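Peer 1: In the order they appear, the protein sequences are chains D and F.
Using the numbering used here, the first residue of the first sequence is number 1, and each one after it goes up by one.
Using the numbering used here, the first residue of the second sequence is number 1, and each one after it goes up by one.
These are computed hints drawn from the structure, not numbers from a lab.
Wrong hints could be hidden among the right ones.
Unchecked claim - Heads up, simulated DSSO-like pairs for lysine-lysine below, C-alpha to C-alpha not over 30 Å straight-line:
1) F:Lys-80 to F:Lys-59
2) F:Lys-70 to F:Lys-80
3) F:Lys-70 to D:Lys-30
4) D:Lys-165 to D:Lys-155
5) D:Lys-100 to D:Lys-2
6) D:Lys-92 to D:Lys-160
7) F:Lys-144 to F:Lys-84
8) F:Lys-338 to D:Lys-6
9) D:Lys-28 to F:Lys-59
10) D:Lys-182 to D:Lys-155
11) D:Lys-182 to D:Lys-165
12) D:Lys-155 to D:Lys-169
13) D:Lys-100 to D:Lys-155
14) F:Lys-84 to D:Lys-30
15) D:Lys-78 to D:Lys-100
16) D:Lys-28 to D:Lys-94
17) D:Lys-2 to F:Lys-84
18) F:Lys-144 to D:Lys-6
If you're wondering where the values come from, they're calculated on a predicted model, not measured in any experiment.
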Amino acid sequence: MKEYLKNTWLGIYTILVGMRVTLRHLFKPKVTIQYPDERLELPERARNRLYVNIDDCIGCDQCARACPVDCIEIETVKAVPGEDLGVTSNGKRKALWVTKFDIDIAKCCYCSLCVWPCPTECIWMTDVYEYSEYNRENLIYHFSNLSPEEAEQKKLNYQKFEDEKARQKAFAQQASAQQVNKESGTQN
Amino acid sequence: MISDQLAEILGNKIIAYLITAAIPLFLFLVPYALYAVYAERKVSAFMQDRIGPNRVGPKGLLQTIADILKLIQKEDIIPKSADKPIFVMAPYVVFMGTFAAFAAIPFSSVFIGSNINLGVFYIMAVSSFSVIGILMAGWAGNNKYSLYGAMRSVAQIVSYEVPALLAIVSAVMVIGTLNLNEISEMQTARFWNWWIFGGPLQGIQKFLLIVPMLVAFVIFFVASLAEVNRTPFDIPEAESELVAGFHTEYTGMKFAIFFLAEYGNMFVVSAISTAIFFGGWQSPFGYLGNSFSIPLLVPIEQVFWFLFKSLSLVLVQMWLRWTLPRLRVDQLMAVCWKYLTPYAFVNLVLIGIISLI
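With the sequences and hints as input, model every part of the structure.
Peer 2: Written out as structure tokens, the structure reads:
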């Protein structure tokens, strides 16, 4: 009987305690963040989408080599003499045309290892995290500021320059060979 | 009564009654059910420190309307192996049980569908009619979860009717009438004349009645929670164990009708406790219409007070729903037969003795 009354009392009392808890929560401020309208501020060193400031890039390929998943692809072409590529913001002279700087962000593992080796600090993690795409190809970001035609042009230029150099070298060799021949001829 | 006046104006009793029957349905029940669902979602959200629906319309007020529009558009699926006639009929039977109870609910002194002398008895009898509909739905769906839910529901409703009716009988013993309008009329003037505070009796009897009446109300309230399948007694539709219980197989509008019936039932049981224990349509402190001598204002005020009290009780039901976890089947039966029923009997005897003083 005592047990029975105790159970009754406990039943009523615990329900009232529970109701008090829920009533308190009824007037508590809400914890929901209405995501697209309001956003949490990201931590300072949050790692999200990569960005490359191509104006500062010297095409050193260090980031691509640091990448553990090989998601960065860089192709460079040497500048020919007479072409001035300017300097980076921290005073390094640029000597290479960056004809291709592709980051496949779908492969990226957000390790941030590419950020540290960059000598000009031109690659970094931004706070953008909404960049889903319908097409996987769209996730390959092209950072090079040269259009394909321009890149082709640069390649051609360099090729020409190289050819020219090779021709000149061959010419010089030929000339020197002739010289040698001549000298030897006179000797004979 | 409004139906008689309408009959005089229209000269046809049947049309007048049809109109009086349609008023609570379209003017009250449907908007109420829509906004009760909204309130339920908001209350649950607030209790869990969330925001709740807030996208459709200002503060999400149009959310349930959008939901019902979606439900109307949905395909009406009838399972191949279902017992088709029963399957189609079941939601309407459930709803009929709920809606029939509205006939005797006294919204105000002039608006009561049918001012019958057996009001309380009629409502209790007719609202348990929905058990049949629930069993039909569970059986016809030909789904084991539906059947489980229906069986549990029937077992639950049938057993909880005992304490509910005992609590009501004990109250009615002192009140002396089953007519809900008369019960409401009795508790006039101030709120201390409500039956939960001992009613309009005099002297020691009134003070002795306060505790037994409170017990009767609590018993009735708990039992009525079980009768309308609300948490903590929602094992018939326990989502985590039975998918959705008896309405698992229902889609579209039929599903919506089950919802309408559930929320309608919540209101009906709250209306009974309001009418019996909380003064029905009586204002807790006089009427503005009387003090400003505008007699037309009084019935409107009465409707307001009745709805205010009933909807507050509905809100308490929601509050309980988001506070308590679901009971196990054995616990459910233990609460009913081992606790509520004996207490209801003791209460009955106590009130009987008090009413003899």
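Peer 1: A separate judgement is required for each hint: does it hold in the structure or not?
Peer 2: Hint-by-hint comparison with the structure:
Annotation: proposed proximity of Lys-80 of chain F to Lys-59 of chain F is violated, straight-line Cα distance about 41 Å (limit 30 Å). Of the supplied pair hints, the one linking Lys-70 of chain F and Lys-80 of chain F holds, its CA atoms being roughly 24 Å apart against a limit of 30 Å. For the given pair, Lys-70 of chain F sits about 29 Å from Lys-30 of chain D by alpha-carbon distance, which is consistent with the 30 Å threshold. This hinted pair checks out: Lys-165 of chain D and Lys-155 of chain D have alpha carbons roughly 15 Å apart, not beyond 30 Å.
Between Lys-100 of chain D and Lys-2 of chain D the CA atoms are separated by roughly 85 Å; this puts the pair beyond 30 Å, and the hint is violated. Simply put, Lys-92 of chain D and Lys-160 of chain D have alpha-carbon atoms about 26 Å apart, close enough for the 30 Å limit, and the pair holds. Proximity of Lys-144 of chain F to Lys-84 of chain F is assessed by CA-CA distance (about 17 Å); at most 30 Å being required, the pair is judged to hold. For the hint pairing Lys-338 of chain F with Lys-6 of chain D, the CA-to-CA distance comes to about 13 Å; that is within 30 Å, so the pair holds.
Straight-line distance between C-alpha atoms of Lys-28 of chain D and Lys-59 of chain F comes to about 18 Å, which keeps the hinted pair within the 30 Å bound. Taken as a hint, the Lys-182 of chain D and Lys-155 of chain D pair is broken in the structure, with Cα atoms around 39 Å apart against an allowance of 30 Å. Simply put, Lys-182 of chain D and Lys-165 of chain D have alpha-carbon atoms about 25 Å apart, close enough for the 30 Å limit, and the pair holds. With a C-alpha separation of about 20 Å, the suggested pairing of Lys-155 of chain D with Lys-169 of chain D holds against the 30 Å cut-off.
Proposed proximity of Lys-100 of chain D and Lys-155 of chain D is supported: the alpha carbons are some 12 Å apart, at most 30 Å. Straight-line distance between C-alpha atoms of Lys-84 of chain F and Lys-30 of chain D comes to about 47 Å, which puts the hinted pair past the 30 Å bound. The suggested pairing of Lys-78 of chain D with Lys-100 of chain D holds, with an alpha-carbon distance near 13 Å, which does not exceed 30 Å. Note on Lys-28 of chain D and Lys-94 of chain D: the hinted pairing is violated, with a Cα-Cα distance of about 59 Å set against a maximum of 30 Å.
With a C-alpha separation of about 53 Å, the suggested pair Lys-2 of chain D and Lys-84 of chain F falls outside the 30 Å cut-off, and the hint is violated. A hinted pair counts as satisfied when its Cα atoms are at most 30 Å apart, and Lys-144 of chain F with Lys-6 of chain D does not qualify at roughly 39 Å.
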